[in-house]
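Going by numbering that gives the first Met the number 0, the sequence shown opens with residue 0, and the numbers climb by one from there.
Any given hint could turn out to be false.
DSS-like mimics (lysine-lysine), calculated; alpha carbons at most 27 Å apart, straight line [as the list claims (entries may be wrong)]:
| id | residue 1 | residue 2 |
| --- | --- | --- |
| 1 | K303 | K268 |
| 2 | K337 | K193 |
| 3 | K303 | K264 |
| 4 | K182 | K193 |
| 5 | K45 | K89 |
| 6 | K303 | K171 |
| 7 | K45 | K182 |
| 8 | K171 | K264 |
| 9 | K171 | K337 |
| 10 | K264 | K337 |
| 11 | K182 | K171 |
| 12 | K337 | K303 |
| 13 | K89 | K39 |
Ranges of calculated distance between the beta carbons of each label pair, as one might list FRET restraints [claimed, not checked]:
| id | residue 1 | residue 2 | range |
| --- | --- | --- | --- |
| 14 | A165 | Q91 | 49 to 59 Å |
| 15 | A363 | R94 | 50 to 60 Å |
| 16 | P170 | V379 | 43 to 53 Å |
It is worth saying that the hints were derived from the structure and are not from the lab.
For glycine and all other residues, C-beta sits at the position ideal for the given N, C-alpha and C.
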Amino acid sequence: MNGSTRRFIAAAIVLAGCFTVGLSGRQAPAPPPMADQVFKNIQVLKGIPVDEFMLTMGFYATATGLNCTDCHVEESGGSWARYADDNPLKMQTRRMQVMMTTINRTNFGGRQVVTCDTCHRGFSRPNVMPSINRLYGSPAADEPGDPIEQAAGQPSPDQILDQYMAALGTPKSLAALTSFTGKGTYMGFDDAGKSPVELFARATGERSTVVHTPLGDSTTTITPAGGWVTAPPTDKPVPLMQITGQELDGVRVEAMVFFPATLRKSLTKLRSGLPQLLEDDSEVLQVQGNTANGATVTLLIDSKTHLLRRLVRYNESPVGRLVARVDYHEYRDVAGVKLPSRWTVSWVSGRSHFEMTSAEPNVAIPATRFVRPNLPQTLVP
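Kindly generate the complete structure, drawing on both the sequences and the hints.
So this is what it looks like as structure tokens:
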């Protein structure tokens with residue numbers, strides 16, 4: 000996969016998980032086109048939106064340890080259209096997807112129990128020989144994010160969230176933060192260096208990010224009416240990609256982290272699990288909830304500082320859980336509210352780093368900043 004293709008996966012889609020550009024739209028956008036209406040030669044993964052289709056490609060890559068041009072023809076590195084070409088590995092992938100669907104339907108009532116990752120675990124070929132090192136070595140730590148039930152003897156979700164809010168600021172200061180703009184740097188997966196980034200956000204649900212890459216601006220937008228990503232044609236297979244369904248829900252929750260007074264309202268069926276340890280051995284408390292469309296979001300809150308350390312979310316898809324993770328660092332005061340100034344977004348197709356060097360609270364942001372551009376949603380020639 001060439002650098003521009005990687006930048007699309009790492010910048011355009013991941014930005015959908017971190018930075019959002021809102022439109023104040025009162026009119027709902029037209030339904031997004033399905034992937035099989037935009038791309039050619041889709042035979043199995045039909046009837047899903049383009050953004051979900053692109054994330055499923057990332058799931059395949061994560062499960063098998065392969066890259067875009069490992070699975071597609073070599074010429075696809077310079078042509079979006081050539082991704083439609085068949086080769087033996089691509090045809091085998093289709094057969095495996097049908098096999099998994101059949102296994103789940105036949106044995107588990109259609110529940111998604113078996114996925115690519117069940118057997119592959121990051122390798123192109125499933126390992127059929129037991130690992131002695133794994134047998135006698137230290138087991139890998141569980142990664143928080145799986146569905147949980149309310150754990151007995153643990154603080155309630157409201158108690159944990161109340162402590163989180165108190166650590167961020169007073170109720171008055173939290174309510175008073177209605178907008179902010181920020182400037183800083185962004186570095187995407189496989190990028191050679193950092194790029195300037197601008198952030199524009201309102202507490203009313205609009206959020207916009209513009210990353211000024213060497214190949215042109217990449218912008219991600221979320222509003223109450225919808226969400227979209229635009230990027231240069233070298234980085235993105237369609238000029239405008241809508242963000243949809245559970246992915247849109249998850250991105251909206253991420254945006255609310257910067258207006259924490261609204262965060263609790265975005266999740267239902269709240270439950271708290273047993274404390275967990277992060278990689279640095281710090282203890283975090285789990286609060287998990289679901290979005291309106293069924294996405295699962297887990298907040299991992301430091302048991303000592305009561306600040307949010309990590310957000311894990313996933314969407315259901317035909318291939319498995321499309322997981323994204325945001326790690327937050329270096330909280331700084333913005334108009335009496337502690338906000339993270341540095342965060343890392345990791346997901347099934349890459350990892351991106353964001354660092355804000357300045358922030359201006361409660362500034363007027365032009366409505367034009369949140370208007371969806373009139374761009375086609377068809378394949379770049």
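Hints numbered earlier in the text: which of these fail when held up against the supplied structure? 7
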